[in-house]
Amino acid sequence: MQETFGEELRGHFISSATAICVEKAPKSSAIPSDTVQQICSCASEKTADQISIDDMSKLIGGEVGGELKTKIKQSAVECAKEMIGGTASAPSSKK
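Residue 33 in our numbering sits at position 33 of the sequence shown, with consecutive numbering throughout.
Derived by calculation from the structure, the hints in this document are not laboratory data. The structure presented is a predicted model; accordingly, all values stated were derived computationally and were not measured. Accuracy of the hints is not assured; some may be wrong.
To be verified - With a cut-off of at most 25 Å between alpha-carbon atoms, the simulated BS3-like pairs for lysine-lysine come out as follows:
id : residue 1 : residue 2
1  : K81       : K24
2  : K58       : K73
3  : K27       : K81
4  : K58       : K24
5  : K71       : K58
6  : K73       : K24
7  : K69       : K24
8  : K69       : K81
9  : K71       : K81
10 : K27       : K69
11 : K73       : K27
Assemble the whole structure, with the sequences as input and the hints as a guide.
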């Protein structure tokens, strides 16, 4: 039961975080909108892999602490480098 809840929450987190990311992306950016969508989706998935279920609940509820902000930024930067750098494949697991 806990595992199912965790997967449902993870899926909700990824879809919510991706939508918020796309909405907040600069509209005047030189990056095509489909690339922005890919970067946001990638960053949401990477963030979901790095945080706990409790952290996901907090983020969905709008609570973003300093450590969570750092993890989100790191994920976004990694994904942007992968997508814009031409290595847009499956997200790597480099740490």
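We went through each hint and held it up to the structure:
no. : hint      : result
1   : K81 / K24 : holds (19 Å)
2   : K58 / K73 : holds (17 Å)
3   : K27 / K81 : holds (19 Å)
4   : K58 / K24 : holds (19 Å)
5   : K71 / K58 : holds (14 Å)
6   : K73 / K24 : holds (14 Å)
7   : K69 / K24 : holds (15 Å)
8   : K69 / K81 : holds (18 Å)
9   : K71 / K81 : holds (16 Å)
10  : K27 / K69 : holds (22 Å)
11  : K73 / K27 : holds (19 Å)
The structure shown violates none of the earlier numbered hints.
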